[in-house]
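Given the coordinates of chain A, work out where chains B and C should sit on it, guided by the hints.
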Amino acid sequence: MAKRIDAVDLNVYYGKFLAVEDVNIKIEPRSVTAFIGPSGCGKTTFLRTINRMHEVLPGAYAEGEILLDGENIYGPGVDPVNVRAEVGMVFQRPNPFPTMSIRENVLAGYRLNGTRMSKSDADAIVEKSLRGANLWNEVKDRLDKPGSGLSGGQQQRLCIARTVAVEPSVILMDEPCSALDPISTLAVEDLINELKENYTVVIVTHNMQQAARVADRTAFFNIQGTGKPGKLIEYDDTINIFQNPQNEQTQNYVSGRFG
Amino acid sequence: MTEKVTAHSSSAPAPARSAPSGLQTGGTGGASGDRVFSGLAYGAGGLILVVLAFVAIFLVTESLPALWPTVFSDQDSISSADTFLQYVLPLMGGTIIASIIALIIATPVAVGIALYISHYAPRRIATPVGYVIDLLAAIPSVVYGAWGMVTLAPALVPIYGWLHEHLGFLPFFAGDPSTTGRTLATSGVVLAVMILPIITSLCREIFVQTPKLHEEAALALGATQWEMVRATVFPFARAGIVSSVMLGLGRALGETMAVTLVLSPGVFSLSLITSGRNATIPSEIALNFPEAFGMRQSELIAAGLMLFIITLAVNMIARWIVSRHKEFSGAN
Amino acid sequence: MSANTMTDDKPAAQAPARSLTAGQMPRWVWSVTAGGALAVGAGLAAVLGEGFSVAGWAIFSAVLFILGMYVITWRVQNRRRAVDGLWRNLVWAAFLLALVPLISVLWTVLAQGLPTLLSNPGVLIYDMSTTNGATDIATQQDGARLSGGFVHGLIGTVMITLLATLISVPIGLMASVYLVEYSRGGWFARAITFFVDVMTGIPSIVAGLFAFAAVQLFITTFIGDGPAQLQMVKMGLSAAIALSVLMIPVVVRSTEEMLRVVPNELREASYALGVRKWRTIMKVVLPTSISGIASGVTLAIARVTGETAPILVTAGFIASTNWNPFSEWMTALPVFIYRQLVNPTAPSAADPSQMRAWAAALVLILIVMLLNLLARIIARAFAPKKTGR
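Sequence lines, in order, name chains A, B and C. Its first residue numbered 7, the first sequence is counted upward by one per residue in the numbering used here. Its first residue numbered 1191, the second sequence is counted upward by one per residue in the numbering used here. Its first residue numbered 311, the third sequence is counted upward by one per residue in the numbering used here.
Just chain A, with the same shape it has in the complex (with noise of 0.2 Å):
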């Protein structure tokens, strides 16, 4: 159920302040796709675009289109919380709900929906979100414990499943493993591979050697000065970002002059 997702002449603004300046990009489904940078160029900023998430910040909002599988998330009569049920989002701190089981918090898009079912399709979505976030065999025995009992990684991949566990077709990562200990990002990273089979993934990540491992194609923001909008400065093939820039700022960025 990947979808591809087209920004055309995106402009984001928190109130009066453009934070984020005209970004065209195709993100093909089925991929991973990376979004570096420096600190403060917009890039999660642009995330949050996707699912419009940002304008959950006072005043926050955005101009311009974006296009899930040519329909314009932005478009008249869009319902947000609709586009949010597509495009799912990880984030940056693993957040369980703290009053609810591991269980609960698999089934949290649809428990907080209210949606009822049976406990039999409930113990399927369970366990094939769980299989899919490579965390089923860590907590099939406990699946009533609270969710905040199990370790950051296990927190951040129980998280993934909560996402995966509403069939998105986009998983937005901001920065996922950036609270995480160099196993759980491995494993994490791992899960990242295996999502790309069936879902469009978009990682920010201020972790070039990671964008290294995981993406197929990677996009650099850079901000020309503080006050400035931030800016998409270059996109391509991960391979050629890194070895082989064709943008002065990102050939800089990436051999780590600056950032």
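Just so you know, these hints were derived from the structure itself, not from any lab. Be careful, since some hints might not be right.
Only some residues are given here: those of chain B computed to face chain C with a beta carbon under 7 Å [to be verified]: (1) Ile1238; (2) Val1299; (3) Ala1328.
To give an idea of the interface, some chain A residues facing chain C are shown, with a C-beta separation under 8 Å as derived from the structure [stated by the list, open to error]: (4) Ser107; (5) Ser126; (6) Ala130; (7) Lys134.
Keep in mind that this is a model prediction, so the values were computed, not measured. All C-beta atoms in this analysis are idealised placements derived from N, C-alpha and C, irrespective of residue type, glycine included.
Relative to the frame of chain A, chains B and C by itself:
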């Protein structure tokens, strides 16, 4: 509420995502729930504003006959005095004097205890002391009143005698010292005990926010503990202390039962140690309202309106002090 | 007075001196000063006061001790250490001074109330409808069994408080949901915050007058202004409205605080799953903060349970039990205490009234303390598990 909307999306365990235009509004569960819920929240907020507006409007409406009897009633004057001011000013005087006595006693003690909890007491004592202070705050005012009437008032009688004997040239201690102790001074002491926990807990909250770095900087320069407190805690907390005291004052002004039970009321007098003198607005209302009707009722409500205005002013000054100093305090 | 604790003094800030241990004062100076102060204080108390009293002794000894320590420290060490010690002692004195009224209040209520409660547990199940001046005189003069009780007050307090809670919790809860989840700092939200602050400062008697005036205005406008209609104004509901005015700001404040500490990450996690805002609030935000909210509500209930004045002017007082808060006068426990103390049932034989009042005061304090304890337990026991990071 949840049940109703639940029914919508109960059909399948698949997420709400019905083909081509699945992103459009409508159909999927709870879009109207959002509107209803936010409407309820907005309404509850509005209701609070409406209630407060009603407090003001009702109090004014019901007190108009006492404020302007010639216009708003069929009588020429109010029943307890010639004019409303003549009636209410002595009551205001008594209210304010009792509250000031309470402040004079409670403020230093409260600041001391707050300092004790925040900076002096060993940790294993500080927490229980905090509980004890909360306990003091939880005791109902009628119990304080009963205690003031039965235990405190007789205990203060010898002190009033002594004050009259040695300081009788001051107007406060002139007049026959009470033999029951049920005087405005005793009311002030009871009020002091009652506002003590309020001022203490507000001050404590501010004291513990003093930046640790400042304190350690002072100690590292060789300051004694008191010098550290004077150099870092007090400048940081000054506005907070003042506003805590103002909030305590607001509470003392409005406190009813303690004064009603302790004080044996009468006409206004500067003598604080004589029984059958002075009254406060709240106790005047509590004593007379149950039997009042017509003009008398209007008078009492009008007196309540005055009390409302005074406490409102005091509370607003307190908040204003806090907000004015917020940007300098460094607390966040 | 503060014998043991004072010796715990840490040798924290050293006076600047050539040797780090210079100018230290031996520990025994402390105990000697304390002993001396107690002895001289006893003498002064006996001479100056008319007759010896423990209170006088304690006060004189404390003053002597504080002054003595100040002078001695100044002589032996230096002025800075002396000032430091002086304030340390004063702060301790403030704390001990505050314990005096607390212990006195609790002791008075226990000593006066407990014997009655133990010897006449009937006060908990009878109201005052069969008690009159004659029965009380019989009790006081002939030692007849104490008649009457305050079950009607207990029932009244429970009914009125319950009704007030039913009115104020939904309003307070939804208003704080608006402030935290919906408002974006506009004038409306600022106005609510401001007026909630204002409401916190409303004197309770004014809240009572407001409720009375409001209900009276309502009844005279819509029902009629005959004497019978005016009688209707005083009822449990009027008192509940008065208490709600006092309760709403407390609920709003505590709930608002609790909602604000719910991490935004949880809301975003829920939104990102395609969950609507109201469901996110109902199923994620509120459950996460429920223990804090419940404990805040319990504290608000504890606060209004002890209120007297607003109930006195809105619900009046009667001798018999009234279960219906929507008609007829209703006695609340604090009002019962007040009336029994000020207007004894038998003016010439006030002791039985006093006994009932103090027993009721003890019960009232117990209720309020239990509510406070309950609030603490709720806050602690049902707090959401920490995320471990």
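Against the structure, the hints:
1. The beta carbon of B/Ile1238 is positioned within 7 Å of a beta carbon in chain C (closest approach about 6 Å), and the interface hint is therefore held.
2. Taking 7 Å as the C-beta cut-off, the interface hint given for B/Val1299 holds, the closest approach to chain C being about 5 Å.
3. Hint status for B/Ala1328 relative to chain C: holds, with the closest Cβ pair at about 5 Å, below 7 Å.
4. Given hint, A/Ser107 at the interface with chain C, is violated; its Cβ is 11 Å from that chain's nearest Cβ, farther than 8 Å.
5. The beta carbon of A/Ser126 comes no nearer than 22 Å to any beta carbon in chain C, farther than 8 Å, and the hint placing it at the interface is violated.
6. Checking A/Ala130 against chain C by beta carbon gives a least distance of about 18 Å; that is not within 8 Å, so the hint is violated.
7. The closest approach between the C-beta of A/Lys134 and any C-beta of chain C is roughly 16 Å, which is over the 8 Å cut-off, so the hint fails.
Hints 4, 5, 6, 7, counting from the list given before, are not met by this structure.
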